[in-house]
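A.B. asks: Quick mapping for you: the protein sequence lines, in order, are chains A and B. Heads up: the first sequence at position 303 corresponds to 303 in my numbering, and the numbers run straight through without jumps. Heads up: the second sequence at position 8 corresponds to 8 in my numbering, and the numbers run straight through without jumps.
The hints are simulated quantities; they were obtained by calculation from the structure and are not laboratory data. None of these values were measured; they are calculated from a predicted model. Among these hints, one or two may not hold up.
Among the chain A residues that face chain B by a calculated CB cut under 10 Å, a handful are [what the hints assert, rightly or not]:
1) 77
2) 80
3) 83
Residues of chain A clear of chain B, computed beta-carbon distances all greater than 12 Å [what the hints assert, rightly or not]:
4) 42
5) 175
6) 181
Positions of the beta carbon are idealized from the N, C-alpha and C atoms, including for glycine.
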Amino acid sequence: MLTKDLVIIGGGSAGLAAAIGAYDNGVRDILVIEKGPFLGGILNQCIHNGFGLTEFKEELTGPEFASRFIKQAEERGIECLLNSVVTNVTCDKVVTFVNKGGTTKIKAKAIVMAAGCYERSPGAISLPGDRPSGVINAGQAQLYLNEHGLMCGKRVFILGSGDIGLIMARRLTLEGAKVLGVAELCAWSNGLNRNMVQCLDDYNIPLYLSHTVTNVIGKSRLEKIVISKVDENNVPIEGTEKEFEVDTLILSVGLIPNNILMVKAGAEIARNNGCLVNDKLETSIPGIYSCGNVLHVHDLVDNVVEEAREAGKNAAKYILGNNEINLSSINTKAGEGIGYVVPARIVIGDDEKDATLKFRVRKPSKDVYILFEQNGKVLKKMFKPAIIPSEMEITKLSKELLVKGDELVIRMVKKEAK
Amino acid sequence: MQDVIIIGAGVIGSFVARSLSTYKLNTLVLEKETDVCDVTSMANSAIVHSGYDPKPGTKKAFFNVRGNKMMEEVCKDLDVEFEKCGTLTVAIHDEQLPLLDELLVRAKENGVEAVLLTKEEVIKREPNINPNVKAALLCPTGGIVNPFTLTAHAMENAIDNGVKIHLSEEVISITPKDDYFIVKTNKSEYETKVVVNAAGLASDKIARMVENVDWNINPRKGQYFVFSPFDKWKKNEEKFVRSVLFPLPSEKGKGILVSRTTSSNYIAGPSSEPVNDMTDLSTDASTLRKVKEGALSLVPNMPFGNSIRVFSGNRATPSTHDFIIEPSKTYPNFINVAGIESPGLASSPAIGEYVTNELVVPLLNAKKNEGYKKTIKKYIKPQTLSVEEQNEIIKKNPDYGQIVCNCELVSLGEIKDALNRSLPCLTNKALKKRTRAGFGPCQGGFCQPEVLRLLSERLGIAPTDVLYDKEGSQIILNKVKEDK
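Chain B extracted, bound-state conformation (with noise of 0.2 Å):
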């Protein structure tokens, strides 16, 4: 009998884990895709929100300002590229300012930092913007995360302390027991005294299949344009663009924003349209051109021509507007953590926690773990270091001098890491997240042969096993001279 298992290894059930793993639980993590943040997590826009949007008293405001504040503690602890870049949000006509200073009053009554900046303010701060803008909200305390390694960190940290995770598995049953449940999926059987609903887009799925729920998850597709690291190559120049810029927030979410990344990408979107299919991810050239202008809206010399990728997530968007969190009617000890759409990433250590102290730990008397590591080891990145710190470890481990990726300087080593962390990196994609080789100008073209290697090597399966993501993502279909 588990005493947890949590459905979905997306960053919500990841920090879920990660907060039930500083108790003695016995807990489990099922996920069908092949790798940790590979839905929602993995396609977002990357920021840690402040906390000025939400409407006050809402569980968006209250986990966004509360994850906001954990979010550099946890970074740290985790060995996660984290940001406090601030965010700007832009007023460009004139009708627009009786609406930043309303959310300057949201923000104050959230308890976020905010402040009112003239034209001549944002301008001195934001050289490329719209030169027609307004004014503009600053909020110091926003930021951008890496969410790929937020995600696979906080879950690589709870299973290092004890949790157990089960990838390429698909909860397709859930059958109510007296104080219990049996939780059936593609490949095996459970029963646990408590269920974790952290199932992202297809939660109101979940839920529905203990009771039935009056909440629907709506998702919304949103598609964004990736660019090169322009201005981090010209290393004398200031940043194209420091803050996150977000236009005013309408109904259909916080607008299309212009935002760097961890990595010193830049990434414009998202837009936002309502898809039938969850699974439906691919993006189209009339939406992509709506982003375009939405992006130079903000950014009128936003280099396009330094994009590099296209790409689009879906939005995990509740009916109810808020995020549900919650045990559900029927049973208590089957919580729902669902609708975390926007600013989920910024709240998911404050859900995490949340879920964690007031929802599972009373219900099974758990005791505290008192080996509980609240950091994972080290991730060595050679790039980052000075030449000498370099010599110092390539003379440790060669390997960390044989570059893989030529593009983002990945190196042998740092993928023999990745490969044999506690937390399965199984794929080329999951490679990529935790690496980021193959996240450069060239898109992996010149070392996804030698990354399929190193997979199909460590893994102990034939390169034409080796998948791109999904399963029946094969990268390569046969080899030469073999059956046609």
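Chain A on its own, in the form it takes in the complex (with noise of 0.2 Å):
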């Protein structure tokens, strides 16, 4: 069987710069496994800008961002295959893919899971009524339009206020289709606030808060959709029905990591579909590393990159053995006001200074405390004016702070409540 030292299964923003960053910590037998035609991913389709802002200080496309990181890639030699499936990983790291070459199985040292993510399907949502052509998710009419040069529809409507939807919202708007509004079933918008202001508001497409598509409308085409207001529980409240003639409702109503792979292998998931990771970025599977959307969904691409180079620098370091072996760990937990936190373990005793902590909030909330605890005892206290679920929170740490056993809960009291 042929061997790697690294295998990274997934060649977009994740994929390539997890390749850089075990590159540049010494691990030189690398290959890439990308499943499309280019490099780069999902940025090959996302033509707009805004991408860049942290990672080169200036705003790039989505196209230019992947290029800059493919040359990269391309600069220290590393190996990447392209038109590549992986079909199937084993815990013991041996990973099949097939291209139009044959099939193949690769015996890896180590393996970085970087494949992304997938938009939730209308069928996943339940969505009510009829199921003709021309409902389509956000990014699939990005696909189509920007990659393909084809317009999924003319009136459009949009469900979820995600940020691809937002995006779409203008670029259809740009080739001449009418938006004729945004509905989002929470009481808050789910997008950035640049998207917000740069997509909707620009273009005076309304948005609908706590609204929901209650019925679709049409058995070839689509002809129409109703939306309701929903309730604080989500039910659709009856008499607030409007109904707007649409051929195209686009769905931008979240994500959902492209994680079959890792369930395949046997690693332990996480609620959200990603893997449970340790601070080093490492799953339930000792060698087998997560990072980007197939580990969480992040709104900014330089995060991403971000959490894929350390992704590739700790695999590097399993790689050359410099890994310490049989520490403990700690769990943590999103307590009280927190929806998710990344990573799910905490390990204790390494030589790293400071573990990096990501979560988001459940609500938009104003004035408040982060609170990181460990046993009731509050190792670390953040104020926030604000903050809102769409962006994700990235902090650091200190993990001499830590003690063994205890799970660490970070939770988000009230300014007055503390």
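Reassemble the complex: the two chains are provided individually, in unrelated frames, and hints are given to aid placement.
C.D. replies: Laid out in structure tokens, this is it:
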């Protein structure tokens, strides 16, 4: 069987950054396996700008951002296979992939899982009504438009205020479509603030908060949708129906880590479908790391590449035998007001000074403290004048503060209630 | 002059066509939809019932039991996924136990193998079942089948043996003549010696084109959830649910079941509500909530978070409560094959055989088709093969190594194959039913643009003319920078 020190699954922003991170930390025998015909992944269809503000201190388009990472990988001579799909990963790190040359098995010393995410489908949210054509996911509409030059429709409504939906509202408007509105189930927007302003406000596209689609009408192609206001339990309120005659309904209702391979490998899976990882981004299978949107969905690619480089660096340490073994770890827990925390575990007693913690709050809040507590003792306290779910929080916690055994709880409290 | 026109290319029309193709007959199938298996045959529970449930002496009982016995060989010949996983009819409450005994008696009368399992035996076989289960009736000959390939491959086999099919052609009138009919469609006009009415939900309407019939089709909608193949991914783990699980049947049907599919997905459903409009296939939140409750009462841990799609189908429920498989009262050469609701899928091969041998052939004095071949050319599915076998076929045709649908691991080669078989494959949905491309958790989010491109290329039509399913169901409305 072929062998490789490091196999990276996915040649998008996460996979490339992980490869670069591993290379820069001493690993040379690296293979990146990419399913598509290009490196760069989803960035290739994101032709709008706004990428790279932290990474490159400038505003790039998706393909520009990707090209810089592709160049960095090329400069290092990192081997990348295109049009190659990984069909299986085992817990002893045998990767099977297929391409036009055949089916190949590779035994890897370490693996970085960087396969990205997919969009939650209309069926997954049990979208009510008929099932005509013209109901399409935002990223899919983006792929049609930006890579194939094809417009999904002319009169469009958007369900969900996720960033891709907002971006598509603007993009379709610029291509001549009429976007009649965006409905969001939550009482707040789930996109970045800049996208709310630049994609909706600038084009006078109305946003219906606390609304959802309650009927889809059309036997062949979509003809009409009905939206309704929802109560605090997200139940549609009768009598609040509004009809829109549209040929297209775009869904931007969440992204799901594309993590089937790790389920197959037997890794422990978190509620969001990503892997449970420790602060080295290592999954429950030693030597298999996970990063980017297959771990948890990021709002900024700049954060993805930073996380992925870290995963690559840690995989390199593992491969080169510089990993401390038999260390204990503590669990993290998303407490009151917190949606999720990555990592799920923090290794205690290794040579890392800090653990990087990423989390999102459940709903927009003002004047709050974020508390990091172990056994009731506050290890760290952050004041936030304003915090929203659509922006991932990243913070470092000194590992010296942590004690063995007890779980680390992150929770949000109102300022008065401290 | 046609010998036979079959109206409808659902599973019944397809098996009638296949059986007729064993004779030297000039057979034409007319289907109003853009594909075979596009209405009731497409949207159902995909169960091969054992035959324990229909009342003894009914046509349902006869054809179900016979069809079930034929199914294994039929699926082997037609390269169709079929698994005899057994069905369990489950009693959750003590007062249901006598009903279970009644069903056991009925099963015996119908000549169907059945055993009563104790609570412990049920739980041992199905660890995820409601722990309050009291007992269950196991019918080991019940199973699951892929209804899309069952129908499509039966029709393909018929075509390979000489049957013709016209898709998107709707019958608008039938005029009886002395010993033949004039069948008028939205596109053409035909003369035929025999008509087989296998028009499913519209079979009463078709029957009334030649005479007044005293039966009706009262469509009943069933709504379902589809789940991702969450346990297939966990290769070392047991199947979440092994058998088809039914609650005890009632007047309204067999109740909300939980079943694996041959593609390792799970389904939960169906609801059962009358609909006025047979084309109404909408789903609604309150009915789906009841479906969910029903499924949870059988399998309390059914992971609804893994639901990837909801759908509904309309049953062709006859007012007579039994299959109608007989010549019209006025015209012996007009044969109604109507009201084929559950257990229609299981019955289909037996119905095809009976209609051919007992009803059509005696009318036409037809000779055997000596060249008849009962098998279809095998479909190549690289991902079901060993690595060595995969490499062998990819070497011969590299398209089998290029994956188009990442979720279901469907290759370019398989898609091209489906587009080049004798049975036309003209829409996104048809391709989905043939190959499973787009059936996975992302529901075609990634692969649909490529599938659309391949369809447009093969059919020689613009991307803006590629249909999702029905006429008018274009996926793409215009090219960029075209007139808006």
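A.B. asks: Are any of the numbered hints broken by this structure? If so, which, sorted upward?
C.D. replies: As far as the earlier hints go, 1, 2, 4, 5 are violated by this structure, in ascending order.
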